[in-house]
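**Student:** Construct the entire structure; sequences and hints are all you get.
Protein sequences, first through last, are from chains A and B. Take the first sequence: its position 313, counted from the start at 1, is 313 in our numbering, and no numbers get skipped. Take the second sequence: its position 507, counted from the start at 1, is 507 in our numbering, and no numbers get skipped.
Treat the hints with caution; some may be incorrect.
A pair holds if it fits inside one copy or across any two, identical chains being indistinguishable in the list.
[To be verified] Below, a list of computed lysine to any residue pairs in the SDA-like style, where the Cα atoms sit at most 25 Å apart:
#1 142 <-> 304
#2 459 <-> 11
#3 162 <-> 31
#4 162 <-> 36
#5 231 <-> 324
Keep in mind the hints are simulated off the structure, nothing from the lab. Note that the structure is predicted; figures quoted are calculated from it, not measured.
2 protein chains.
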Amino acid sequence: MINAIGREIPAHVEGYGKVTPFAGAFATEPDMPRRAPAVKWARPGAAKLATGLEEVFRAIPVRDGMTLSFHHHFRNGDGVVNLVLATAAKLGLKDLKVAASSIFPVHAPLVEHFKAGVVTALDTNYMSGPVAEAVSRGALAKPVILRTHGGRARAIECGQLKIDVAFIAAPSADEYGNVNGIAGPTACGSLGYAYPDAEYADKVVAVTDNLAAYPLTPVSIPQTRVDYVVKVDKIGDPKGIVSGTTRITKDPVQLKIADTAAKVVQASGLLKNGFSFQTGAGGASLAVAHFVRQMMVAGGITGSFALGGITGYLVAMLEEGLFEKIIDVQGFDLEAVRSLAANPNHVEVGAGFYANPFNSGCVVNMLDCVILGATEIDTAFNVNVVTGSDGMIMGGSGGHSDAAAGAKLTVVVANLLRGRLPIIMDKVLTATTPGETVDVLVTERGVAVNPRRGDLKEKLAAAGLPLKEIGELKRLAEAIAGVPQPVKLGDRTVALVEYRDGTVIDAVRQVVR
Amino acid sequence: MINAIGREIPAHVEGYGKVTPFAGAFATEPDMPRRAPAVKWARPGAAKLATGLEEVFRAIPVRDGMTLSFHHHFRNGDGVVNLVLATAAKLGLKDLKVAASSIFPVHAPLVEHFKAGVVTALDTNYMSGPVAEAVSRGALAKPVILRTHGGRARAIECGQLKIDVAFIAAPSADEYGNVNGIAGPTACGSLGYAYPDAEYADKVVAVTDNLAAYPLTPVSIPQTRVDYVVKVDKIGDPKGIVSGTTRITKDPVQLKIADTAAKVVQASGLLKNGFSFQTGAGGASLAVAHFVRQMMVAGGITGSFALGGITGYLVAMLEEGLFEKIIDVQGFDLEAVRSLAANPNHVEVGAGFYANPFNSGCVVNMLDCVILGATEIDTAFNVNVVTGSDGMIMGGSGGHSDAAAGAKLTVVVANLLRGRLPIIMDKVLTATTPGETVDVLVTERGVAVNPRRGDLKEKLAAAGLPLKEIGELKRLAEAIAGVPQPVKLGDRTVALVEYRDGTVIDAVRQVVR
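**Tutor:** Written out as structure tokens, the structure reads:
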């Protein structure tokens, strides 16, 4: 069937059920109760400390076909997914579903678990590396469900993603299951993406390499939801948290784009006292923060909060008084970890608080401006951050669609060419974030405003920004690089792209080359 | 029917349903899913700020027969219950149920709402003053449900206490519904008893007299659960938080009891590094803390945590380094409020974390020792803290039964005579806390150990404590004051006393004098 932005999607998917087509960013309202896991109990004196993962697997017991969940705060330094799945394989378990908030190259052993039938389903918000490539080539019979960070919290809370056992990578845990990420040798900062798992999973296991005295505080994941605590040698490598660059780009083209993007923010009228801001950890995103920071200093502006995955750059802005608060669902570097532990104005929140569209109001709803990247963008402003130009999965929405939907001003920054291919097309290969939630595209050759935002276009024009129609930018790119050949993909759906509200915005087809 | 401790209870109660008899403190296991309220949603840009309570009542809309909930952190200084119910009365609503974690003399206007039929049902953990007296005399057709603090959290989470609208008395709130109790002119400290209400109510209203800048942090009640924010002139009087004495008793008999109780704690072997402790705010309880503190200083002992309703005395012990942490579900004085705001080792927790028996483990389970009071205690160590000797309701369990069930050592301190009546009887008028969870009774004439605790009796004997059988203490009291006449009560059940697990431990009959 065809959804509201013209994407061809299957009507029914095995192991997922009936597909609800994307109908518009705010068109689908919830009509279900919250998931109601079985009520637990614990007698005084009952211990939670287990001697190893195998003991926990047997005690629960973990059975074939169950869903095991994981959070990704260690990013490419995570050790827990591999440890837990090696245990599952050793115990001869089959047909497990892995529900991990993100998958990185470090999770390559998962490919072997696919082959062996230990893991036959995957539910994630982002994936890159060998697992993503294997999925793209058809390693799993069932399509992977790709969600947004807010959408995953929603799916868990609304009962669409039922977790049997949540494994919490716990930088610190006490014997009764209180967990935080700020202390211990492998501190990773916020544990925000694990909050929904701990809240709604049938069983919760804290896996730690740092057993702390009871009662551990602050509490990110509470004892009231944790059933087992397991001490292992090492849960991960905090150096792996720092994925990709966390320094401002030195590339002159990217600096120009960032400078222009900052001017767009200023011209929008939002850059005043109370300003709230989200940006990523890439070099170009950080460069936008850098220029925005200069404007805030020059204008004597105090923002209310910085949001999202948090970098040392935003921490510096907090410490300079340019923001009152940081709201942190995930740390992108060790400066973010240090600040969360030390600064009461740097606050940890869960994935639901961050971006779940189906609660009484998540924080992206209060966001003035977000700066986002794109692998591709089309003339209807739909953005692809899932697949590369060859059709291979190399990312995922993460918080992309969530922040775009919530923010008053969503700015996509991108070079006009990626590799040697234009990034603007008539139709993106995979739609991740709907165009109706994207306000401005900033490139090195000009700025395109979504026609829905006539108000904004006037402001940017008045500020002298180099406005162009998005079609014109597309033609400029094509004049340099030519019109790209459409990529040839198989018919089989290897991944469903769920919008944050649980509707399906696109499907990813198998790479057959 | 007759329950496991021999109390006569009704088998069925209108508006409550089938009564499950108390079967033992740990005999009843949960077999239900958690309550699943409807999933909510909020578009970006939707405002929550309402101009007044009437607007909120109409917007929800509040209807006849609904359950409105309240928390009691302002104790006898609360202004929100009366304000909200006056609005209900003005709008002509009838047949409401009030689910308030406690009721104090300040809530006297509720009696008029009973008479007018505005409120026809009450669910609470403690009540004193005119409302309690009216209930005792039969003001309500349906029995009041008296719960424990942990039991109320359980009833809300397990769906037995379904809340339509939770009203949060919010010392600080931002426009999007983040609430805390530590800032603002009427700061009351912890909002722990409101956590379950906010989590499971269909609608949540923050009532504040201090609108703070967004985003308010720290967050006690999150924006994700709050639907409306209403600014009023005054939500309460923090001076009313300080109910009763918060100074150590000067009464020589009480000091003697406290001194003996501290020696019991010491002789139990629990008073060593890592010791955890809960005590109340009464003069005698504080005196026990005083003697325990001296022993900790003398012994160079560092405790792990102090728990419960928190007083300045416990705050001083934290600040002296005698405890590593304070875990705070409710502040009993303004020192507790100050400390919670300033000290990261003073941690706010919800009622479920504090004492809900039906989760993966509440903190009373980790408690070494609790010091509790009693209105009456019987020779089976069952304690009454609900009714006075005249049968009038003048209290309730609050956390009494919860802490008794969780702690390794539960010490009841009481004068042998209360007024001119012996406090030890063959059978307490109303059983609140089952004897199996009470280890020691300390009086001025001797210490009685529950026969279930032979191990403890040996230790106390070895320490030279003045041990007596509880029957002997009873005879001593009766030799002074005579055997009290049994009080004559009516047949009608005016209140059901629910044990923390949801079974019924006793029923309170109408006062007919």
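**Student:** Could you run down the list of hints and mark each one as holding or not?
**Tutor:** Hint by hint, here is what the structure shows:
no.: 1; hint: 142 <-> 304; verdict: neither (44 Å within a copy, 50 Å between copies)
no.: 2; hint: 459 <-> 11; verdict: neither (42 Å within a copy, 72 Å between copies)
no.: 3; hint: 162 <-> 31; verdict: both (17 Å within a copy, 19 Å between copies)
no.: 4; hint: 162 <-> 36; verdict: both (10 Å within a copy, 14 Å between copies)
no.: 5; hint: 231 <-> 324; verdict: between (37 Å within a copy, 23 Å between copies)
Consistency with the previously given hints fails for numbers 1, 2, ordered from lowest to highest.
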